[in-house]
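> The residues making up each chain are set out below.
Protein chains: 2
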Amino acid sequence: MVARSPLSDAELDRLFRALADSTRRDIVARVMAGEQASVSVLASRYDMSFAAVQKHVAVLEEAGLVTKHSQGRERIVRGNPEQLARARELLLQLEHLWVERFSQLDAILAEPRRPKR
Amino acid sequence: MVARSPLSDAELDRLFRALADSTRRDIVARVMAGEQASVSVLASRYDMSFAAVQKHVAVLEEAGLVTKHSQGRERIVRGNPEQLARARELLLQLEHLWVERFSQLDAILAEPRRPKR
DNA sequence: ATAACGTACAACCACATGGTTGCACGTTCT
DNA sequence: AGAACGTGCAACCATGTGGTTGTACGTTAT
Chain A
1 MVARSPLSDA
11 ELDRLFRALA
21 DSTRRDIVAR
31 VMAGEQASVS
41 VLASRYDMSF
51 AAVQKHVAVL
61 EEAGLVTKHS
71 QGRERIVRGN
81 PEQLARAREL
91 LLQLEHLWVE
101 RFSQLDAILA
111 EPRRPKR
Chain B
1001 MVARSPLSDA
1011 ELDRLFRALA
1021 DSTRRDIVAR
1031 VMAGEQASVS
1041 VLASRYDMSF
1051 AAVQKHVAVL
1061 EEAGLVTKHS
1071 QGRERIVRGN
1081 PEQLARAREL
1091 LLQLEHLWVE
1101 RFSQLDAILA
1111 EPRRPKR
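Going down the list, the sequences are from chains A and B.
Following this note's numbering, the numbering of the first sequence begins with 1 at its first residue and continues without gaps.
Following this note's numbering, the numbering of the second sequence begins with 1001 at its first residue and continues without gaps.
No wet-lab data here; the hints were simulated from the structure.
One should not assume that every hint holds.
Quick partial rundown of chain B residues pointing at chain A, CB under 8 Å, derived from the structure [to be verified]:
no., residue
1, A1052
2, A1085
3, L1092
Beyond 10 Å from chain B on every Cβ pair, some chain A residues (computed) [claimed, not checked]:
no., residue
4, R4
5, S5
6, A58
7, S70
8, E74
9, I76
For every residue, glycine included, the Cβ atom is placed at its ideal position computed from N, Cα and C.
Starting from the given sequences, assemble the full structure and let the hints guide the process.
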């Protein structure tokens, strides 16, 4: 159980926005799976220009989902699972609200008499 | 453990896109928490026009995160935690790829001699 | 040295997004 | 019946997004 600082609204916006594109989700999947991936190698996998893929990687990097590391003239893209965990954490919190409402409901039903409105 | 059918790329796009806005995340939080919420009651909470909030609710509805139910002249907005779970499931799968890479790595290191390249 | 490669970035374009106002229409209240 | 309310939708606008091509620049290979 690692203590993770919560993300700001703007960071969450960027994070979920980055995940809202199938090409970017695919890139994340590849780099998380450990594929040795320079930007151009990634680009060769998709039916779009190098520049387009480069932009996608930049979006992922700004969202913190990947990092880039210079290696000669190449930039190697690596996945950052921690940011995935943070996104997941938020979803879990939202789901938790759903669960908690029932305990609230129970409390209301346990009242001797509930006030009208 | 409920068997959930996987979402299409387009559905995932809509789902994460819907979550990539702090106003929408806040609406989700409210309705998941069980707040009795017509569209106009929700709208009164935010510093923007009714129409803007109505659009946000529409985006959430198309993403499957909320449902609307007629009640007289009002439309009551309810949260749908299942769609949250599906988004969370995808993140978990991506994180799982990260974990699995190490077992792959272990296998490679366990090789008597690894081929160059 | 020169060519080829990998990357970054700017300019541009079509379209989506998030906001606005205004209007139409069904429902509720007097 | 008529006023007020709640909602949906269209038109509009500024800005963002996802794609393109072209250019520049450092790194590697010949």
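> Checking a non-interface call: every C-beta of chain B should be farther than 10 Å from the C-beta of E74(A). Is that right?
holds (15 Å)
> With d taken as the least Cβ-Cβ distance between S5(A) and chain B, does d exceed 10 Å?
Since the minimum Cβ distance to chain B is about 17 Å, S5(A) lies beyond 10 Å and the statement holds.
> Per the stated criterion, does the least C-beta distance between S70(A) and chain B lie above 10 Å, as a non-interface residue requires?
The claim holds: S70(A) sits with its nearest Cβ about 21 Å from chain B, beyond 10 Å.
> Minimum C-beta separation from R4(A) to chain B exceeding 10 Å: can you confirm that?
holds (13 Å)
> With a cut-off of 8 Å on the beta carbons, see whether A1085(B) makes it to chain A.
holds (6 Å)
> Was the hint right that A1052(B) lines chain A, CB cutoff 8 Å?
Where the cut-off is 8 Å and the nearest Cβ of chain A is about 16 Å from A1052(B), the hint is violated.
> Given L1092(B) as an interface hint, is the shortest Cβ-Cβ distance to chain A below 8 Å?
Holds: closest Cβ of chain A sits about 7 Å from L1092(B), inside 8 Å.
> Grab the minimum beta-carbon distance between A58(A) and chain B and tell me whether it stays above 10 Å.
holds (17 Å)
> Would the non-interface assignment of I76(A) survive a Cβ cutoff of 10 Å against chain B?
Answer for I76(A): holds, closest chain B Cβ roughly 15 Å.
Hint 1 alone, counting from the list given before, is not met by this structure.
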